[in-house]
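Number of protein chains: 2
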Amino acid sequence: MAITAEQVKQLRDKTGAGMMDCKSALTEASGEMDKAVEVLRKKGLASAAKRAGRSTKDGIIGHYIHLGGKVGVLVEVNCETDFVARTDDFQTLAKELAMHIAAASPVYVKREDIPADVLDKEKEIYRAQFAGQNKPANVIDKIAEGKLESYYSQVCLMDQPSVRDPNISIKQMVATAAAKTGENVTVTRFARFKLGELAE
Amino acid sequence: MAITAEQVKQLRDKTGAGMMDCKSALTEASGEMDKAVEVLRKKGLASAAKRAGRSTKDGIIGHYIHLGGKVGVLVEVNCETDFVARTDDFQTLAKELAMHIAAASPVYVKREDIPADVLDKEKEIYRAQFAGQNKPANVIDKIAEGKLESYYSQVCLMDQPSVRDPNISIKQMVATAAAKTGENVTVTRFARFKLGELAE
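Chains as they are written, first to last, in the working numbering: chain A, 1 to 200; chain B, 1 to 200.
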């Protein structure tokens, strides 16, 4: 099996091991990156701590702390260059997003992040609500679709209406900022900690 | 008289004293829990009665933003009352912990949080490293134990040496703060976002 120079470089970046060691580990692992890391570790050539690779994306980790530390939010907002990341427009967007997350408490960034089983359960609930109502199947489908849209706007950050201006969604807010900066802008992830919520 | 591990754990939960201290106190008390607590208290090893059992729902979400937003950290640090949460000592602890997490990049809060399969894989790697070295099994076990301790101190926040003072562990740092405040202090969770790391 042929190992490309690109693979060797990737493994090297990941582990800090030597070029030749990386190549033979990849050969042994039939090109599988995770396996190759394991091979290196078994040979004592790579340590447990993952070496931080170079970031390919720019942007900023926005944050907001509410009520003197009772709620805390981090949000990673990405753009393409450090130049844009440093602009007031971009920094304001990151701060606004963090404040919105603190207030609106979304669960996922976008629809695609909802696990299939969670979505299935949600749909099942809608179906159960219509059971025995004797409505045509296509009507039920339409209503269920509407309910699903409303569910998205409750749990997905990008679908939520902005807390500051309910007439625009977060998706629109981000798109406006992207247009202003002239770069592709994405929200990658967020964390929202509310004091004591795990103990409840 | 035989002291069970369960008894030791119970006494430990009750008093927060060390494992070995609990065991010898139980032996001295012929296995009687209340007497063992008394033994510990007399030795000054269980100062605040039932400290570890009291709920720690108050506290603060500590945060730290590094390099103008390239790394962001949230950490939930709990104590028992809002009064303590507002003290300088407690606020400083939360800030120090957040800064430490930004620099030392732990993966888990404590050993118990490491998933079983991750730990198994780690142990397997140690075994593989010794394969064919013709060492007695008990020697290998001892070395593997040492390696595991070193692994803990790499990935577990509580086992990491403080970045500011490598002579003390984070566990000790938290214990010192707890003693100062007179309340039970725990670190519940943290989030560490490094810009672009998900795209690597």
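These are computed hints drawn from the structure, not numbers from a lab.
This structure is a prediction, so every number in the text was calculated from the model and none was measured.
Heads up, some of the hints might be wrong.
Partial selection, computed: residues in chain A whose CB lies under 8 Å from chain B [claimed, not checked]: (1) 33; (2) 37; (3) 41; (4) 60; (5) 123; (6) 125; (7) 154; (8) 155; (9) 174; (10) 175; (11) 178; (12) 179; (13) 188; (14) 196.
Think of the CB as a built atom: it goes at the ideal place given N, C-alpha and C, for glycine as much as any other residue.
Under 8 Å, Cβ to Cβ, is where residue 33(A) needs to be relative to chain B, so tell me if that hint holds or is violated.
-> 12 Å, violated
Mind checking the CB of residue 60(A) against every CB in chain B and telling me if the closest is under 8 Å?
-> Status holds, d = 4 Å.
Once the shortest beta carbon distance from residue 125(A) to chain B is found, is it less than 8 Å?
-> 30 Å, violated
Once the shortest beta carbon distance from residue 174(A) to chain B is found, is it less than 8 Å?
-> The hint is violated - residue 174(A) has no Cβ within 8 Å of chain B, the shortest such distance being about 17 Å.
Under the criterion of a CB-CB separation shorter than 8 Å, is residue 37(A) in contact with chain B as hinted?
-> 10 Å, violated
Would you settle whether the hint for residue 178(A) is holds or violated, based on the nearest Cβ-Cβ distance to chain B being less than 8 Å?
-> 17 Å, violated
Restraint check, 8 Å cut-off on beta carbons, for residue 179(A) near chain B | 22 Å, violated
Status of the hint placing residue 41(A) at chain B (closest C-beta pair under 8 Å) = 5 Å, holds
Would you check whether residue 196(A) satisfies its interface hint, that is, whether its CB is within less than 8 Å of any CB in chain B?
-> Holds, about 4 Å.
Does the interface hint hold: is residue 155(A) within less than 8 Å of chain B, judged Cβ to Cβ?
-> 19 Å, violated
When the least beta-carbon distance from residue 175(A) to chain B is tested against 8 Å, hint result = 21 Å, violated
Given hint residue 154(A) near chain B, where the shortest CB pair must fall under 8 Å = 23 Å, violated
Of the numbered hints stated above, those contradicted by the structure are hints 1, 2, 5, 6, 7, 8, 9, 10, 11 and 12, listed in ascending order.
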